[in-house]
Amino acid sequence: MGRRRGEQPVVPDTDFVSYYGKPILNGPVWHSPDIPGYLFLGGLAGASSLLAAGAQATGRPGLATVAKTAAAGGIALSLVALVRDLGKPKRFLNMLRVFKPSSPMNVGSWILSGYGPLAGAAAASAVTGKLPRLGALATAGAAVLGPAVASYTAALISDTAVPAWHDGFRELPYVFVGSAAEAAGGMGLLAGPVSENAPARKLALLGSSLELVAFKRMTDRMGMVAEPYHDSKYIKAAEVLSVAGMAGALLGRRSTVLTRLSGAALVGASALLRWGVFHAGVASAKDPKYTVVPQRERVNARR
Amino acid sequence: MTAISGPAFGRDYENPQPRMGFFTDTSVCIGCKACEVACKEWNAIPEDGLELSGMSYDNTVGLGANTWRHVAFIEQRDVLADAENGDGGMRWLMASDVCKHCTHAACLDVCPTGSLFRTEFGTVVVQEDICNGCGYCISACPYGVIDQRKDDGRAWKCTMCYDRLGAGMEPACAKACPTDSIQFGPLDELRERARERVSAVEGARLYGDSPDDGVGGDGAFFLLMDEPEVYGLPPDPVVTTRDLPEMWRHVAKAAATLATGAVVAFLASRRK
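Quick mapping for you: the protein sequence lines, in order, are chains U and X. In this text, residue positions in the first sequence follow this note's numbering: the first is 1, and each later residue adds one. In this text, residue positions in the second sequence follow this note's numbering: the first is 1, and each later residue adds one.
FYI, nobody ran anything at the bench for these hints, they're computed from the structure. One thing to keep in mind: the hints can contain errors.
Which bits of chain X does chain U cover? Going by a derived footprint, with three or more residues having C-beta under 8 Å, they are [unchecked claim]:
{"no.": "1", "segment": "23-36"}
{"no.": "2", "segment": "255-266"}
If you anchor each label on the Cβ, the simulated ranges turn out as follows [to be verified]:
{"no.": "3", "chain 1": "X", "residue 1": "Asp151", "chain 2": "U", "residue 2": "Asp220", "range": "42 to 50 Å"}
{"no.": "4", "chain 1": "U", "residue 1": "His31", "chain 2": "X", "residue 2": "Tyr162", "range": "24 to 32 Å"}
{"no.": "5", "chain 1": "U", "residue 1": "Val144", "chain 2": "X", "residue 2": "Pro211", "range": "40 to 48 Å"}
{"no.": "6", "chain 1": "X", "residue 1": "Ala256", "chain 2": "U", "residue 2": "Gly59", "range": "20 to 28 Å"}
{"no.": "7", "chain 1": "X", "residue 1": "Ala200", "chain 2": "U", "residue 2": "Arg221", "range": "24 to 32 Å"}
Idealized CB from N, CA, C, for every residue including glycine.
Whenever a hint applies, use it, and build me the whole structure from the sequences.
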């Protein structure tokens, strides 16, 4: 078009133009620790339900009870975090006045409404020893819904204008289920009976590997929008803990102390990853660079 | 009765209306902020802070829960360097921003309660008695329009004066605008008028007028004198829910991967 760009003396960065450096997006109003906690606990719960069902089916009652307790406790706490973060917590049930597939939060509310009672019943039966048949049914039901609980939150945060969340939508579900398996397996190692924890160890190792690989692929593909992830101290700490936890789980299987420690490291790594993803998204919305530069490139490419 | 222009979005209103919109011609904006004031008065919006931004005559800085019209001020030096005055010179750009009432509105799509809805005028409005303050619409809006009112927790934005439209009146901002920078009317007519205007003003371009853009066209579109990002507008906004079917596919595959991983973990742990 041959028009010269007006100079913007108040904007120091010459690579892109903005309005006084102000963000374009209003950005998430969600809070920490509520929302990263909700992402983490939902993952822990969903994958724990799979571990619980498997443990029950293969005659590992100790591991099953630990996993069921983690699932019920995780989902209860995550619901508290979710409701607490609403501007009008008393109106939580308004989520259930419609069914709306275009809103992952609405779909998630329905998933949680089905999953929560099942996870709770499974844990209650395991802890009290009452109604074992109903408990087994609830365990199976929770295991069917568990993968959905662990994965839908990726669609929830990707389905926004927040650059670091939206642009990762292809890999984020795998990062999240990997992180979920890491947390559930880690919890099994941390709190489960040592004689029964082989599946927890394997689930944690599979989960951590998937999380690390999918996260790397995501940030490699995202280009400059991945910067907030690279700058995140949560992500760095999560990676260190993941690797340490995996090493401990692999090499320390004969040592109870090492097993417990690596379990704790894996649970912590999963939580830190969620914190990192949450805060990287918030940072990417605050800086207009991540909104303007990729969009400007698209426009220029079309010209 | 005019045919419904643009999407009535499958809503079978008993009294279908033409899609109404705003055409904001920033080339004649004088930065008087009458639109901001009229909007606040009519909609009884709380004050949005009395601080001075220190960056320009713009002290509201951007759209938010308590600012539904926002006038941007941009001072540009040396931009008229080879204009008649020859000495460099400067210019002021002023523009009144507002909710775009997108054809494909991310806020409406992601709202989990159905609080946000599409009116018979094709506009997007929050039902405040339904909103539970989840904040999803705020993260979803590609323009940074809707926001949370901190003291009451709910999300608020421009309604295009839904109450006035129902009574056959134009929105308060358009009514108050002394230069007709803010024009209100059926979107078809506004687009026609904008096409004429843009060819008459040197250096002007339209923003949000095309039904082929990433949000399917804006119900409130603009004539700008510089690139959109100069005004704090995204250069190429895309409704996030365009990618949602693909997101759900990846979620389903990831869920299946997790279930498979769990099965593998147990199969590999069989005791001899």
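Starting from the hint list further up, note which numbers the structure goes against and sort them upward. 1, 7
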